[in-house]
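*Asks:* Dock chain to chain to rebuild the complex, using the hints, since each chain is given by itself in its own frame.
First to last, the sequence lines map onto chains A and Y. Remember, this note's numbering sits 1152 above the position in the first sequence when you count from 1. Remember, this note's numbering sits 27 above the position in the second sequence when you count from 1.
Simulated from the structure, these hints should not be mistaken for lab results. Treat the hints with caution; some may be incorrect.
Over 12 Å on every C-beta distance to chain A, these chain Y residues come out as not near it, computed from the model [to be verified]:
no.	residue
1	Ile40
2	Lys42
3	Gln44
Listed below are the simulated BS3-like cross-link pairs for lysine-lysine, each with C-alpha atoms no more than 30 Å apart in a straight line [unchecked claim]:
no.	chain 1	residue 1	chain 2	residue 2
4	Y	Lys105	A	Lys1251
5	A	Lys1219	Y	Lys71
6	Y	Lys89	Y	Lys105
7	A	Lys1251	Y	Lys110
8	Y	Lys98	Y	Lys38
9	Y	Lys105	A	Lys1263
10	Y	Lys105	A	Lys1208
11	Y	Lys38	Y	Lys89
12	A	Lys1222	A	Lys1208
Pairwise CB distance ranges, derived in the manner of DEER restraints [what the hints assert, rightly or not]:
no.	chain 1	residue 1	chain 2	residue 2	range
13	Y	Lys89	A	Arg1227	35 to 45 Å
14	Y	Ala47	A	Gln1211	33 to 43 Å
15	Y	Lys42	A	Asn1173	36 to 46 Å
Even for Gly, the Cβ is constructed at its ideal location relative to N, Cα and C.
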Amino acid sequence: GEDVEQSLFLSVREGDSSVINCTYTDSSSTYLYWYKQEPGAGLQLLTYIFSNMDMKQDQRLTVLLNKKDKHLSLRIADTQTGDSAIYFCAEVVNTGGFKTIFGAGTRLFVKA
Amino acid sequence: EAGVAQSPRYKIIEKRQSVAFWCNPISGHATLYWYQQILGQGPKLLIQFQNNGVVDDSQLPKDRFSAERLKGVDSTLKIQPAKLEDSAVYLCASSFDGTLDTQYFGPGTRLTVL
Chain A
1153 GEDVEQSLFL SVREGDSSVI NCTYTDSSST YLYWYKQEPG AGLQLLTYIF SNMDMKQDQR
1213 LTVLLNKKDK HLSLRIADTQ TGDSAIYFCA EVVNTGGFKT IFGAGTRLFV KA
Chain Y
28 EAGVAQSPRY KIIEKRQSVA FWCNPISGHA TLYWYQQILG QGPKLLIQFQ NNGVVDDSQL
88 PKDRFSAERL KGVDSTLKIQ PAKLEDSAVY LCASSFDGTL DTQYFGPGTR LTVL
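The shape of chain Y in the complex, shown without the other chains (with noise of 0.2 Å):
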């Protein structure tokens, strides 16, 4: 079974440019959480998403990040414009139905903000 793909793994960028992260998450799984990690910090949830509708952005900043699962399967996180505290790993996971099931992590796209 293939695991959750992420793409970049690194990205470097100037603040105020933008950038976008691509996730594929195990193929049957409805459920997909994009996570940030600071350096020294546990994973925080940004968005999670059931299918291609959102369960919960409580922790995404509208202002600068966007996210989109559009069919239902892959899914793209934006950051328009980056500030240096955007710094960290996002990572991708899945879940197959997002509710006590496990969660299946990528192996992060880390971001360096300038």
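Next up, chain A with everything else stripped away, as it sits in the complex (with noise of 0.2 Å):
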């Protein structure tokens, strides 16, 4: 089955590191993705990761990627008051096509 399922709230301060979670249950992801959602915009891709690679860094973003346990994890470091947002957790399947399935979405509030 697809499901993707994270975590509804994080609440960090400001200059603090975040860390959003997700567990995703289809196998057969291709790519994970991070995805950023601010009031009143669409979702804007943060960052990826092939399901062959453990770990990517880019700037202030680590991703982990355990394929064992399908567990996904975004960390922010240096959490600015601008990084408040809802951040989405994508896996892409291939059922023939391939397909993003989204979770719920964390809503991460950063506290100057």
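*Replies:* Quick look at the structure:
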């Protein structure tokens, strides 16, 4: 089956690190994505990781993938108030064509 | 490069009325997606077009929803008649060729059905 689960809320202080977690069920996932959605806006791709990688770093963002446990995490270093948004985990599955399955999103609150 | 454009940004209608949303994808993108995002949930794919052909419409409620992309560029999504549970943000996205490439999202149309 296809399902992506995330915790709904995370609150951190400015300057701390944030870690947003996600679990997925489809072992045939090829890519896994993190999207950011700010109020009133569409989704913006933050970063992605191939399923044959276990880590990817991109400036303040670090993505860790544990394929055995089907667990994906996004770490934001030195979190800023501008990072407050909803973060969506998504997996791309091959169902004869490529389909993107989104989690419900984690709302990140950054306190000044 | 211009992004994905959608209109209107907001729409309020009464149940049983009809409504239509418009999307203009990024120039040169062959693949266009319509997603429904209910409050507190992630986007759910309604329909995917490759040029002007439908690739996946398995989650489109075809008794009331319809979509077209006649010239392989702009697309419209219609709901007729609307129900209360159709209240959501309707997101349009486009990608270059619909394989494993990045989807670019528009700002969405927020629909409220009273």
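*Asks:* Look at each hint and say if it fits the structure.
*Replies:* Against the structure, the hints:
Annotated as non-interface, Ile40/Y keeps its C-beta farther than 12 Å from every C-beta of chain A; the closest such distance is 20 Å. No Cβ of chain A approaches the Cβ of Lys42/Y within 12 Å, the least distance being about 25 Å, so the stated non-interface status holds. The Cβ of Gln44/Y sits about 24 Å from the closest Cβ of chain A, beyond the 12 Å cut-off, so the non-interface label holds. In summary, the hint linking Lys105/Y to Lys1251/A is supported, as the alpha carbons are separated by about 22 Å, within the 30 Å threshold.
Taking the CA atoms of Lys1219/A and Lys71/Y, the gap is about 24 Å. The hint holds against a cut of 30 Å. Under the criterion of a C-alpha separation no larger than 30 Å, the hint pairing Lys89/Y with Lys105/Y is consistent with the structure, at around 10 Å. Between Lys1251/A and Lys110/Y, the direct Cα distance comes to roughly 27 Å. Compliance with the 30 Å bound is thereby established for this hinted pair. Distance check on the hinted pair: Lys98/Y and Lys38/Y sit about 26 Å apart at the alpha-carbon level, within 30 Å; holds.
Between Lys105/Y and Lys1263/A, the direct Cα distance comes to roughly 41 Å. Violation of the 30 Å bound is thereby established for this hinted pair. Between Lys105/Y and Lys1208/A, the direct Cα distance comes to roughly 40 Å. Violation of the 30 Å bound is thereby established for this hinted pair. For the given pair, Lys38/Y sits about 21 Å from Lys89/Y by alpha-carbon distance, which is consistent with the 30 Å threshold. Distance hint between Lys1222/A and Lys1208/A is fulfilled; the C-alpha atoms sit about 16 Å from each other, no more than 30 Å.
Restraint check, Lys89/Y to Arg1227/A: a C-beta distance of roughly 42 Å satisfies the suggested window 35 to 45 Å. Against the hinted window of 33 to 43 Å, the Cβ-Cβ separation of Ala47/Y and Gln1211/A comes to about 41 Å, which satisfies the hint. The hinted range of 36 to 46 Å is satisfied by Lys42/Y and Asn1173/A, whose Cβ atoms lie roughly 39 Å apart.
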